[in-house]
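What follows is the residue order along each chain.
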Amino acid sequence: MLAFITRRLLLLIFVLFGVSVLLFGILMTFSPERRAATYVTSPQQAKDIPKIIKQFGLDDPFYIQYFRWMKEVLKGNMGWSLVASRPVGEAFWNYFPVTLEMNLFAAPIVIIFGIWLGTLSGIHRDTWIDHTTRILAIVGWSLPTFLFALVLLMIFYGYFQLFSPGVLSDQLTMFIIDNPETFTRFTGMYTIDGILNGRFDITLNALAHLVLPVSTYVIVVVALNMRVMRSGMIEELSKDYVMTAQAKGADKKTIYIKHARRNALLPVVTVAGQLVALSMEGSIAVEVVYNRHGIGWWLAESAVQLDMPVLMCICLFMGVVFVITNLTLDILYAYIDPRIRLN
Amino acid sequence: MSEPATPLLEIKDLHTRFHTLDGTVNAVDGVDFDVYQGETLGLVGESGCGKSVTALSILQLLRCPPAEIQGRILFEGNNLLDLDREGIRKIRGNEISMIFQEPMTSLNPVLRIGEQIAEAAKIHKRMTRQEAWRWAVEMLRMVQIPGPGSRSKQYPHKFSGGMRQRAMIAMALSCNPRLILADEPSTALDVTIQAQIMSLMQKLKEEFNSAIVLITHDLGIIAEMVSRVVVMYAGKVVEEAPVKELFKDPRHPYTQGLLGSIPVIGRKEQTGRRLQEIPGIVPSPMETPLGCRFHPRCHKVMNRCQEQEPPMIHLAEHRRVSCLLEA
Ligand SMILES: Nc1ncnc2c1ncn2[C@@H]1O[C@H](COP(=O)(O)OP(=O)(O)OP(=O)(O)O)[C@@H](O)[C@H]1O
Ligand SMILES: [Mg+2]
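Order-wise, the sequence lines are chains A and B. Residue 0 is where the first sequence starts when you use numbering that gives the first Met the number 0, and the numbers rise one by one after that. Residue 0 is where the second sequence starts when you use numbering that gives the first Met the number 0, and the numbers rise one by one after that.
Keep in mind that the hints were calculated from the coordinates and are not lab data. Each residue gets a CB set at the ideal place from its N, CA and C atoms; glycine is no exception. Some clues are possibly wrong.
Stated by the list, open to error - As a list, the in silico BS3-like pairs of lysine-lysine whose alpha-carbon atoms are at most 30 Å apart:
no. : chain 1 : residue 1 : chain 2 : residue 2
1   : B       : K247      : B       : K124
2   : A       : K257      : B       : K157
3   : B       : K124      : A       : K257
4   : B       : K247      : B       : K11
5   : B       : K89       : A       : K251
6   : A       : K238      : B       : K247
7   : A       : K251      : B       : K157
Claimed, not checked - For the chain A half of the interface with chain B, some residues (derived, Cβ under 7 Å), not all of them:
no. : residue
8   : E32
9   : P86
10  : S168
11  : T172
12  : K252
13  : H258
14  : R261
15  : P266
16  : R338
To be verified - Sample of chain A residues lacking proximity to chain B, with all beta carbon distances greater than 10 Å (derived):
no. : residue
17  : V14
18  : P42
19  : T126
20  : G165
21  : T243
22  : A246
23  : V287
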């Protein structure tokens with residue numbers, strides 16, 4: 000077990016190296032002038048561009064630039080973010096809680112709803128329950144996230160004046176900025192910090208701001224989970240051991256929950272890795288549309304402004320997320336499937 | 000063996016149909032036979048003749064497409080087909096249990112063996128978790144699995160085919176059922192294991208005083224294990240006889256074909272033999288031939304066999320044959 004984890008963490012190094020080389024290579028296809036232009040803030044400075052290229056070695060060979068970047072990263076210096084106008088590392092910890100908070104609320108809903116609805120439609124195959132969840136899944140799966148987010152925003156905020164975008168109302172945000180001594184930002188997540196500071200109004204307000212993003216996100220991401228669970232249930236219910244359980248006199252509930260569902264959960268765990276990928280994609284659109292300044296929003300802004308250190312940092316972050324998620328899933332898989340041994 | 004007067008199970012004019020997209024499949028088409036307490040009844044016939052469907056109809060385990068079951072299945076005098084879902088559930092695994100052919104797939108891969116054996120006792124005998132588990136270990140000991148305590152905590156993939164079938168037997172016996180339906184319980188196992196499984200079943204059957212309906216292709220097993228044989232062909236019973244008489248004097252040309260030319264019970268080459276190949280193919284249940292269903296393959300076919308359905312002719316007690324040669 001320990002050896003398995005160690006091996007996977009060693010793999011992480013290769014993954015991080017691989018993805019960073021890849022992204023760095025892609026970014027290098029922009030001309031040195033284009034990359035130097037990001038340091039320029041006014042038209043008068045345009046003449047400085049050749050100087051900037053020289054100064055930062057932007058026309059050096061690819062590998063030299065890459066290793067220069069890596070040396071800094073290993074020293075703990077991720078660079079300067081133009082978008083955030085502060086060091087990348089510091090900016091990261093500023094944006095990360097916003098994304099994490101949304102995921103903390105969305106993930107359990109996605110998992111529970113996906114498994115529950117998938118089980119239901121697998122059991123009640125070809126009934127109205129199945130058809131309803133199928134339509135929901137197709138809508139969630141095929142509509143682009145940003146479009147879906149915009150529609151919800153238009154209906155609920157634009158029309159009913161409910162659930163405004165952002166993470167917190169302006170009034171409360173100002174209050175927190177003005178009174179750093181009465182409101183401590185323990186986690187950076189307002190729902191939790193509100194409770195820790197005894198300010199439940201802040202928690203409630205933050206929750207209200209989470210309703211639309213989390214709903215969008217859940218509807219978009221839940222579909223995959225649900226479909227996999229449904230087909231898993233249908234497949235498992237046709238297996239011989241289900242007949243054995245029936246022949247023992249087990250009732251429907253026992254057969255569905257104890258026998259079939261436990262087996263049907265296995266493929267759900269396998270696609271959970273894809274769910275993480277989906278939620279990454281989802282959080283970009285959701286954060287941009289609902290104006291939540293998290294990692295997804297930061298990534299979108301930085302991509303537009305060619306904020307290279309940020310792009311590289313998020314790329315490394317995603318590599319870590321993927322490897323850790325897959326490691327966790329493999330351990331979970333071995334835990335629920337007795338046939339799998341980790342080695 | 001002297002049999003009690005009333006049978007434990009009476010099947011009367013059983014019809015089981017599947018309504019599929021391609022049409023109606025008459026898998027079982029008017030079957031009747033009795034099973035007496037404590038006896039072992041053999042059910043033989045070529046593949047596809049409806050043996051499994053008959054057994055599954057008894058416990059109403061046929062799922063999709065939904066099967067239409069008609070006739071009467073009297074168990075201790077009560078018609079099982081009149082029971083509602085709860086009623087039949089209380090019979091399954093408790094009064095009547097089933098052993099399936101495929102030990103590799105018939106156990107749930109993610110549940111411990113002990114848990115799976117304990118399940119029936121928990122359902123029907125209202126045992127607590129611990130009691131049922133202890134009982135499961137006891138059952139594993141009874142089916143001669145070494146180290147039953149530690150084995151009960153293992154998952155099915157650690158068990159060999161023979162051990163899984165022993166576990167299935169333990170499961171089937173765990174509520175001390177009156178009747179066990181064993182659908183080719185040893186077919187999937189290799190020969191030496193087959194013999195062990197069959198003798199174990201024989202021994203436990205006597206200990207538990209259960210009756211067995213044994214479905215098999217193996218005439219050696221029939222000769223050794225059963226007291227009476229029902230021969231099926233294309234969804235119908237064609238012959239019934241006590242085992243000795245069947246081997247000595249098979250009346251139906253189909254049975255004669257199955258047994259080969261000169262069957263003598265107890266002769267060396269007799270045991271361990273599979274059903275003989277009979278030329279021709281089993282008719283599909285969707286297009287059964289007119290007249291006698293066996294006539295296209297029968298070597299004693301007469302003109303009237305093609306038009307007239309043969310009646311069931313009772314020759315003696317538990318001795319009947321459905322052939323126009325006897326009429
Ligand atoms: N669920 C079903 N739907 C449609 N037809 C079925 C179904 N189950 C069985 N049948 C048909 O019923 C007939 C009898 O099948 P059954 O499984 O009882 O045969 P069997 O005598 O047990 O054969 P085997 O020795 O191969 O096990 C077969 O022709 C089969 O195709
Ligand atoms: Mg069969």
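Evaluation of the provided hints:
Under the criterion of a C-alpha separation no larger than 30 Å, the hint pairing K247(B) with K124(B) is inconsistent with the structure, at around 45 Å. For the suggested pair K257(A) and K157(B), the alpha carbons sit about 21 Å apart, so the restraint of at most 30 Å is met. Restraint check for K124(B) and K257(A): satisfied, since their Cα atoms lie roughly 19 Å apart, inside the 30 Å limit. Restraint check for K247(B) and K11(B): satisfied, since their Cα atoms lie roughly 28 Å apart, inside the 30 Å limit.
A C-alpha spacing of about 13 Å is found between K89(B) and K251(A), which places the hinted pair at or below 30 Å, so the restraint holds. The hinted pair formed by K238(A) and K247(B) fails the criterion: a straight-line CA distance of about 41 Å is larger than 30 Å. For the hint pairing K251(A) with K157(B), the CA-to-CA distance comes to about 28 Å; that is within 30 Å, so the pair holds. Against a cut-off of 7 Å between C-beta atoms, the interface hint on E32(A) is violated, since the closest Cβ of chain B lies about 60 Å away.
Taking 7 Å as the C-beta contact cut-off toward chain B, the hint placing P86(A) at the interface is violated, the least distance being around 49 Å. Proximity of S168(A) to chain B is violated relative to the hint, the smallest CB-CB distance being about 49 Å (cut-off 7 Å). The criterion of a C-beta within 7 Å of any C-beta in chain B is not met by T172(A), whose closest approach is roughly 50 Å, and the hint is violated. At about 12 Å, the closest approach between the beta carbon of K252(A) and any beta carbon in chain B exceeds 7 Å, and the interface hint on this residue is violated.
For H258(A), the interface hint holds, the least distance from its beta-carbon to any beta-carbon of chain B being 5 Å, beneath 7 Å. Taking 7 Å as the C-beta contact cut-off toward chain B, the hint placing R261(A) at the interface holds, the least distance being around 5 Å. Below 7 Å, beta-carbon pairs count as interface contacts, and P266(A) has none with chain B, the closest being about 13 Å; its hint is therefore violated. The interface hint given for R338(A) holds, since its Cβ lies 5 Å from the closest Cβ of chain B, which is under the 7 Å cut-off.
Distance check on V14(A): its Cβ is at least 31 Å (rounded) from any Cβ of chain B, clearing the 10 Å threshold; non-interface status holds. Distance to chain B confirms P42(A) as a non-interface residue, since its nearest Cβ pair spans about 67 Å, more than 10 Å. The Cβ of T126(A) sits about 14 Å from the closest Cβ of chain B, beyond the 10 Å cut-off, so the non-interface label holds. At roughly 46 Å, the least C-beta separation between G165(A) and chain B is larger than 10 Å, which holds for a residue marked as non-interface.
Separation of T243(A) from chain B is inadequate, the least Cβ-Cβ distance of about 5 Å not exceeding the 10 Å criterion. At roughly 4 Å from the closest C-beta of chain B, the C-beta of A246(A) falls inside 10 Å, breaking its exclusion from the interface. No Cβ of chain B approaches the Cβ of V287(A) within 10 Å, the least distance being about 42 Å, so the stated non-interface status holds.
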